[in-house]
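Chains as they are written, first to last, in the working numbering: chain A, 30 to 528; chain B, 4 to 115; chain C, -3 to 249.
Derived from the structure by calculation, the hints contain no laboratory data. Check before you lean on any hint, since a few could be wrong.
[Said to hold, decoys possible] Derived SDA-like pairs (lysine to any residue); straight-line CA-CA distance at most 25 Å:
id : chain 1 : residue 1 : chain 2 : residue 2
1  : C       : 204       : A       : 91
2  : A       : 145       : C       : 167
3  : A       : 145       : C       : 176
4  : C       : 204       : A       : 485
5  : A       : 145       : A       : 485
6  : A       : 145       : A       : 390
7  : C       : 56        : A       : 48
8  : A       : 145       : C       : 179
9  : A       : 145       : C       : 200
10 : A       : 145       : C       : 15
11 : C       : 56        : A       : 145
12 : C       : 56        : A       : 390
13 : C       : 204       : A       : 229
14 : C       : 204       : A       : 95
15 : C       : 204       : A       : 48
16 : C       : 56        : B       : 97
17 : C       : 56        : B       : 84
18 : C       : 56        : A       : 60
19 : A       : 145       : C       : 170
20 : C       : 56        : A       : 485
21 : A       : 145       : C       : 204
22 : C       : 204       : B       : 70
23 : A       : 145       : B       : 97
24 : A       : 145       : A       : 229
25 : C       : 204       : B       : 65
26 : C       : 56        : C       : 186
27 : A       : 145       : B       : 84
28 : A       : 145       : C       : 168
29 : C       : 204       : A       : 390
30 : A       : 145       : C       : 50
31 : A       : 145       : C       : 180
32 : A       : 145       : C       : 226
33 : A       : 145       : B       : 96
[Claimed, not checked] Examples of chain C residues lying across from chain A (beta carbon under 7 Å, computed):
id : residue
34 : 74
35 : 125
36 : 184
Owing to the predicted nature of the structure, the values given are computational and were not obtained by experimental measurement. By construction, the Cβ of each residue, glycine as well, lies at the ideal position given by its N, Cα and C atoms.
Residue strings, one per chain:
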Amino acid sequence: MNTPFAGLWAVLLVGLPLLLAVGAYVAGRRIRPILVWIVPLVMAGMVTGLIHGLIDQGPLHYEIGGWTPPLGITWHIDGLATAMLAVTVLVMGAVCAYAPSYFAGSIKTASAEKTKLFWPLTYLLWAALNALFLSADVFNLYVTLELLTLGSVVLIVLAGTTDSVAAALRYLVLGLMASLFYLMGVALLYASYGTLDMATLGGQLQQDPLTWTAASLMIVGLLIKTALFPMHFWLPPAHAGAPAPVSALLSALVVKASFYLVLRLWFDLFRPVAPAPAAQFLGALGACAVLWGAIQALRADRLKTLIAYSTVAQLGYLFLLFPLSSAPAVAKTAWLGVILFALSHALAKAAMFLAAGRIQQLAHEDRLDRLTGIGQCAPLALSATALAGVSLIGLPPTGGFAGKWMLLVAGVESGQWWWALVVVMGGLLTAGYLFRFWAIAIAASEHPSQRAPVNWRMELPPFMLGVAAVLIVFLATHVAQLLEIGAAFPIGGSGEVAP
Amino acid sequence: MTLFTLYAIGGVGLFAMGLFSFVAVAHLLRKILALNVMGAGVFMVLIAIAHPERAATQATGVDPVPHALVLTGIVVAVSATALALALTCRYHAETGRATLPEDGPGNEGSGR
Amino acid sequence: MNSARSWKTLRIRPATVVIGCLTVGLTVLLGWIVCEIPERPLPLAAALEDIADEQRLIEKSGVGNPVTAVLLNFRAYDTLLELGVLVLAVLAVQAASAGIVGRPAGSGWRHNRLLAATVGIVVPVSIVVAGDLLWMGADHPGGAFQAGAVLSGAGIMLILTDRLGRSSFTGWQYRLAAVVGVAVFIIVGLGVMAVDGRFLQYPAGLAKTLILAIETAAVASVAAIFVILFDAVAGPMGRGNQDASLDVRGDRP
Chain A
30 MNTPFAGLWA
40 VLLVGLPLLL
50 AVGAYVAGRR
60 IRPILVWIVP
70 LVMAGMVTGL
80 IHGLIDQGPL
90 HYEIGGWTPP
100 LGITWHIDGL
110 ATAMLAVTVL
120 VMGAVCAYAP
130 SYFAGSIKTA
140 SAEKTKLFWP
150 LTYLLWAALN
160 ALFLSADVFN
170 LYVTLELLTL
180 GSVVLIVLAG
190 TTDSVAAALR
200 YLVLGLMASL
210 FYLMGVALLY
220 ASYGTLDMAT
230 LGGQLQQDPL
240 TWTAASLMIV
250 GLLIKTALFP
260 MHFWLPPAHA
270 GAPAPVSALL
280 SALVVKASFY
290 LVLRLWFDLF
300 RPVAPAPAAQ
310 FLGALGACAV
320 LWGAIQALRA
330 DRLKTLIAYS
340 TVAQLGYLFL
350 LFPLSSAPAV
360 AKTAWLGVIL
370 FALSHALAKA
380 AMFLAAGRIQ
390 QLAHEDRLDR
400 LTGIGQCAPL
410 ALSATALAGV
420 SLIGLPPTGG
430 FAGKWMLLVA
440 GVESGQWWWA
450 LVVVMGGLLT
460 AGYLFRFWAI
470 AIAASEHPSQ
480 RAPVNWRMEL
490 PPFMLGVAAV
500 LIVFLATHVA
510 QLLEIGAAFP
520 IGGSGEVAP
Chain B
4 MTLFTLYAIG
14 GVGLFAMGLF
24 SFVAVAHLLR
34 KILALNVMGA
44 GVFMVLIAIA
54 HPERAATQAT
64 GVDPVPHALV
74 LTGIVVAVSA
84 TALALALTCR
94 YHAETGRATL
104 PEDGPGNEGS
114 GR
Chain C
-3 MNSARSWKTL
7 RIRPATVVIG
17 CLTVGLTVLL
27 GWIVCEIPER
37 PLPLAAALED
47 IADEQRLIEK
57 SGVGNPVTAV
67 LLNFRAYDTL
77 LELGVLVLAV
87 LAVQAASAGI
97 VGRPAGSGWR
107 HNRLLAATVG
117 IVVPVSIVVA
127 GDLLWMGADH
137 PGGAFQAGAV
147 LSGAGIMLIL
157 TDRLGRSSFT
167 GWQYRLAAVV
177 GVAVFIIVGL
187 GVMAVDGRFL
197 QYPAGLAKTL
207 ILAIETAAVA
217 SVAAIFVILF
227 DAVAGPMGRG
237 NQDASLDVRG
247 DRP
C-alpha cells in the first residue's frame, strides 16, 4: 500500500519545519545558517524522494497513527499534492536565501527582534503549507488553514509600519470569519454523514439542501481566503505592506493553498452534487477578478501595489477552471492548464516580489513615478521581473503560456468562447501594466544613478525563480504526467476514480 | 422540539448574530467579540451533534469526536483572539483609531 | 444620534438593513437544515458492531476517557497542529508588542493582605488541581488542556498581584516551556515510527505512558503560553494597559 520511506518523507516534510521553527524560537542565532542554506536543500531532497515514490507506486494513502478512517486522519499523497509541495520548496528556498540580506539592508525593520521572529514564523508557515497540501481530512484542513492564516498575519506585521498593521488586522478578521464559515460547513457535513475523511465523504454525498449549504459555506470561506472578487479588497494592502520576502510567500503560496482546497473540495467531493450554475458563477467571479485586478494594476501608483493587484487578477484565471471543467471533453485539459498556470504563477510572482524588494531598497522608494531609470542600478533584478512578467503575460515559451494555452483550447473546444475571450483580454491588460512598469524602469533618468554592486544574495534568487517560471514549460509533459497520478478524473489516473 | 434541535438552533442563532455584528459594526474590538460569538455558535452546533440521539457511534454515551473538535477549536479561537487583540492595541497605539480606515471616522483626538 | 459617536453603535443604513435581511435568511436556512438532518447509517457505527467492539477500541487506545482517546490517539495529529497554533500565538504577540517603552506600571496590589492570603491558597491549590486533572484525564473528564488552563489561571493571578512580571517572560525558560509541548509531541511521533510503525502510532502497551508524557509537556506549554498571552495584552506592561482610551463603549476616553 505504501512504501515506508515515502511515508517518512511526508512526515518529515511537516515535522522537520515544525521542529526547526521551535528550535529557531528557542536557540535563534545559532541555527540560523542551517535554516538559510541547508534545510531547503534537505526538504527539496525529500520532495524528490516523494515524487520517486509516487511514480513507482502510485498514490499513497498514509494513515496517521495507524487508524483507518473514519476514525483517524489520513494523508492522500498524489500528483497534485506533490506538485504543490515542490513549488513550495522552490519558493521557500529562494526566500530563505534572500531574506537575511533583505533584513540586513532594510531601513524600516531595523530591529533585530523582528528578524529573530522571521525564521520561526517562516518555518511554521512552511509546516502549515506542507500539512495542508498533504491532508485529506476536512477538520484537519481547518486547523492547517488557521495555522496558515495566523502565520501570514504575523509575518505581515514584521514590516513595522502602521499600514502593515492595518492590513494585517483586516486580513486577520476576514480570515477568521472565513475560517468560521468553513468550520460551520464541516460541522454540517459531520452531522449528516458522520465522517470527516474526504475519501469516505466523496462516496457518500447526496444532493440535498444540507449538502449544498455545507458546500457553499466551506467554499465561500475559502473564496474569501483566496481573495476572489468581490472579497479581494484585503489582498492589495496586505501583500503590498508586508516585507518583500513575506509578500512573495503570501502571493505565491498562501493564496494558492486556499485555492488548492477549493480544487480538492470541488473535484473530490462536491462536483457530482453541485448545481450547474454554481460553476458558471465561480467562473464569472473569476472573470471579474481578471478584469478588475488588471484595471486597478494599471492605475496603481506603487510598485508593490501593482504586483499585488496583479495577483488578484491572476487568481481570477484559476477560477475559470470550474465552468470549463463542466464540459467533459475538455475537463482534463482545463484542469491541467489551470494547475500548470498556478504553479508558474507561484514562481513568477515570488520572483517579482523579491526583485521589487531589491528595487525598493535601492531606490529607498516604492512609488512608480520615482523609480525612473532604476533598471540601470539593478539590471539583474529587472531581468528577473522581465522573465517573471513574460510568464505572467502568457507569452511563449513560458509556463504561463502553457497554462493559458490549455485554457484557451478548453474554452474554444467546448464552445464556451467567452472564457477564452477573458483569457485573451486578461493577457493584454497584464502586458499593459507590466510594460508600464518596465518603461519607467528602463527610461533614462535625469539623475544618473550609480550602478550599485550586484547583491547576489538578493538578486540571484528572484532571477532563478524567473528562469524556473520559464523553464517549466519544457517540463510541461512531465508535470502533466505527475499530476495525473491519483487525479480525480477517470481518464489517465492510476489511483482514485471519480465518484 | 428535542434537545438536539434546541442546541442546534441556538448555535445557528449565535452564528448569525455574530455574523451580523461582524459585518455591521465598525469598532474592531466589537468585531473580535462578534467573531468569538460566531465561534461559540459553531461549537454549539458541534456539541449538539454529539447528542446521543444523533450519534449512532456510541450506543451508551455521546459521540466523543465533536467534543475533541470543539476542544481544538476553542484553543485555536483563543490564539486567534489573542493575536487580534494584540494587533488592535498596537493599531490603536499607533493611530489613535479603533476602526479600520474604510470603516468609519475612528477615535480621532482621544488617542495618546 | 451624535455622528461623532455613531460609528461605535449601530447605524441603521440601507446596507445594514440588507445585511440584516441576509443574516435572517441565513438563520432560517440553517435552522431548517439542522432540524431536517436525515437519518443515515454512520460509517463508524457500521464498523463497530456492538458495544463490546467499542470497549475494545477504547482499550486499545490506552486511555479510558473517549474524548482523550480521540484527542491524543485517534486524532493526535490535530492536537499536534493545535499546539503549533499556540506557539504561533506567542510569536504573534511578541511581534505585535514591539515598541513598548516605559517602566512597568505595576498594579499596586502586591502588598494587599487579603490578596496575599488568597494567592497563598489559590495558587498551590490550582497546581494540585491541575495535576489531578492531568492524571484523571486519562479515564475521567479532564486532560491536558483543562489542566493547563487551570494552571495558567494561577499564573494570571500572580501577574495581577505583581508577583510575576514582564521580565520573567523574556528568558529562554519561558520560550522553552512554550515550545516543549509541540517538540515532545513530534519527537514521540517520530520516535514511534522507528518501532516499525506510522507517525504517531503508539506501540501496544506503551500508549498510556506516551500519552501521559505528551500531556505533561502540553500542560507546561498551554500554561506558559496562556500566561504570556495574557501578559502581553492585559498585563501591567501589556498593550491594553498602555492605552486607556481604547474603550469599547466610547462614552468616555
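Inset, instruction - Measure nothing beyond the straight line between the CA atoms of residue 56 (chain C) and residue 390 (chain A); if it is 25 Å or shorter, mark the hint as holding. - result: 59 Å, violated
Legend entry - Given hint residue 229 (chain A) paired with residue 145 (chain A) - CA-CA distance at most 25 Å: Violated, at roughly 43 Å.
Inset, instruction - Compare the distance between the alpha carbons of residue 145 (chain A) and residue 204 (chain C) with 25 Å, and conclude whether the hinted pair is satisfied. - result: 38 Å, violated
Legend entry - Pair hint outcome, residue 145 (chain A) versus residue 390 (chain A) [Cα-Cα no greater than 25 Å]: Cα-Cα ~20 Å, so holds.
Inset, instruction - Verify the proposed pairing of residue 145 (chain A) with residue 167 (chain C), using a straight-line Cα cut of 25 Å. - result: With a Cα-Cα distance of about 14 Å, the restraint between residue 145 (chain A) and residue 167 (chain C) holds, given a limit of 25 Å.
Inset, instruction - Could you grab the alpha-carbon distance between residue 56 (chain C) and residue 48 (chain A) and see if it respects the 25 Å cut-off? - result: 29 Å, violated
Inset, instruction - Below or equal to 25 Å on CA atoms is what counts here, so check residue 204 (chain C) against residue 95 (chain A). - result: 16 Å, holds
Legend entry - Proposed proximity, residue 485 (chain A) with residue 56 (chain C) (alpha carbon, max 25 Å): Cα-Cα ~57 Å, so violated.
Inset, instruction - Please work out if residue 145 (chain A) and residue 226 (chain C) have their alpha carbons no farther apart than 25 Å. - result: Distance ~22 Å between residue 145 (chain A) and residue 226 (chain C) Cα, so the pair holds.
Inset, instruction - Compare the distance between the alpha carbons of residue 56 (chain C) and residue 84 (chain B) with 25 Å, and conclude whether the hinted pair is satisfied. - result: Violated, because 37 Å separates the two Cα atoms, which is more than 25 Å.
Inset, instruction - Quickly compare the C-alpha distance for residue 145 (chain A) and residue 50 (chain C) to 25 Å and report which way the hint goes. - result: Not OK: residue 145 (chain A) and residue 50 (chain C) at ~49 Å, beyond 25 Å, violated.
Inset, instruction - Quickly compare the C-alpha distance for residue 145 (chain A) and residue 170 (chain C) to 25 Å and report which way the hint goes. - result: Status holds; Cα separation ~16 Å.
Comparing the model with each numbered hint stated earlier shows that hints 4, 7, 9, 10, 11, 12, 13, 16, 17, 18, 20, 21, 24, 29, 30, 35, 36 do not hold.
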